[in-house]
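Engineer: Sequence:
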Amino acid sequence: MNSITRLILRRVVSGNIKLTPRLLQVLKEFDAEPTPAEPPVQATNETAPPPPPPPATDITSAEEKKMTFVNPLPGRWIRRTECGLGAVLLLAASLAPAALNPAPLAAANEAFARGEYAAAVRGYETILAQQGYSVPVLFNLANAQQRAGQLGPAILNYERARLLDPNDADLATNLNTARRKAGVESERPSPAQKAAEALTLSHWFGLTAAATFLIAVALPLRHLIPRARTGLNFGSVLAAFALVMAIAALGLRRSDLTRAVVTAPEAVAGIAPVTMAQSLFKLRAGETVTLQQTHGAFARVRNQAGQQGWVKTDDVARVIPARVSFPGS
1 MNSITRLILR RVVSGNIKLT PRLLQVLKEF DAEPTPAEPP VQATNETAPP
51 PPPPPATDIT SAEEKKMTFV NPLPGRWIRR TECGLGAVLL LAASLAPAAL
101 NPAPLAAANE AFARGEYAAA VRGYETILAQ QGYSVPVLFN LANAQQRAGQ
151 LGPAILNYER ARLLDPNDAD LATNLNTARR KAGVESERPS PAQKAAEALT
201 LSHWFGLTAA ATFLIAVALP LRHLIPRART GLNFGSVLAA FALVMAIAAL
251 GLRRSDLTRA VVTAPEAVAG IAPVTMAQSL FKLRAGETVT LQQTHGAFAR
301 VRNQAGQQGW VKTDDVARVI PARVSFPGS
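The sequence shown finishes on residue 329 if you use the working numbering, and the numbering steps up by one all the way, no holes.
If you're looking for bench data, these hints aren't it; they were derived computationally from the structure.
Glycine residues also receive a C-beta, built at the ideal position from the N, C-alpha and C atoms.
Beta-carbon label-pair distances, calculated as ranges:
(1) V274 x E110: 43 to 53 Å
(2) R188 x G235: 35 to 45 Å
(3) S202 x Q308: 25 to 35 Å
(4) L257 x A113: 34 to 44 Å
(5) F234 x G296: 52 to 62 Å
Below are the SDA-like pairs computed for lysine to any residue, each with C-alpha atoms no more than 20 Å apart in a straight line:
(6) K282 x A264
(7) K312 x Q293
(8) K194 x I247
(9) K194 x A172
(10) K194 x T258
(11) K312 x R302
(12) K194 x V319
(13) K181 x Y117
(14) K181 x G149
Starting from the given sequences, assemble the full structure and let the hints guide the process.
Structural biologist: And the structure:
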């Protein structure tokens, strides 16, 4: 049965063609026709020659030159650069200073000018609670507390103001004056620590984000703009240097997270976190300590001399509070 006969039969079975007597006669005639036989293949000892190789193509054609630029690396770096740019913009927006409400500040300043330091302290503290931390309010609050004889809280607020503006000369002078009145030795930071304190923590974090963004954007730009590769390499080196410097400064400033100031007139450090524990040493108002551990109503601290003991948590206050708020937050 040849292929034509099989095709017709499939059509008949499927119902596309009706089986009539005439169609049956045609099928018999097709089936009776002999199929041409293929000529016999003569055996030979000679092997057929291999087919000729395909003609060589120019691999440096214009089309393939265009294809060589298709690489997922620049695309990935561009996307990461966009994410880095978004993070930098968000950081810059969060660091933008907000305006203070001048009415409460003016009222507190008037109370300070009249010598009503207790009323001025209450006014400045209300502003901090409602509008967040700012250098002018912290500075004026510390001045009012120093005039009122509250040297521990005054030194605490001077320290907090220095975190926001470390290069204010008047702030440094008043802080040293309060420390002398309290009989507390001034800190003597190392040259590296002084360099790290030249900028605020927010500025160091901003420098870290900006340097990371510049390094991230330099790689795709080297692919996209080959002529600017030298300048981009130089910029990448500067950004890497700034990144290392910022990370080192943040590492030196990590102790700011655990710094605290004694706000009570006197704090007794005991051997255990209980009220009747044996006394080890005493801390003066305004003395700077390092918080190591908290347990209930007590905190273990270490003073500048290296002594450790447990004091009441109400007698000390962190320089960086657990929850920090700024104007507009």
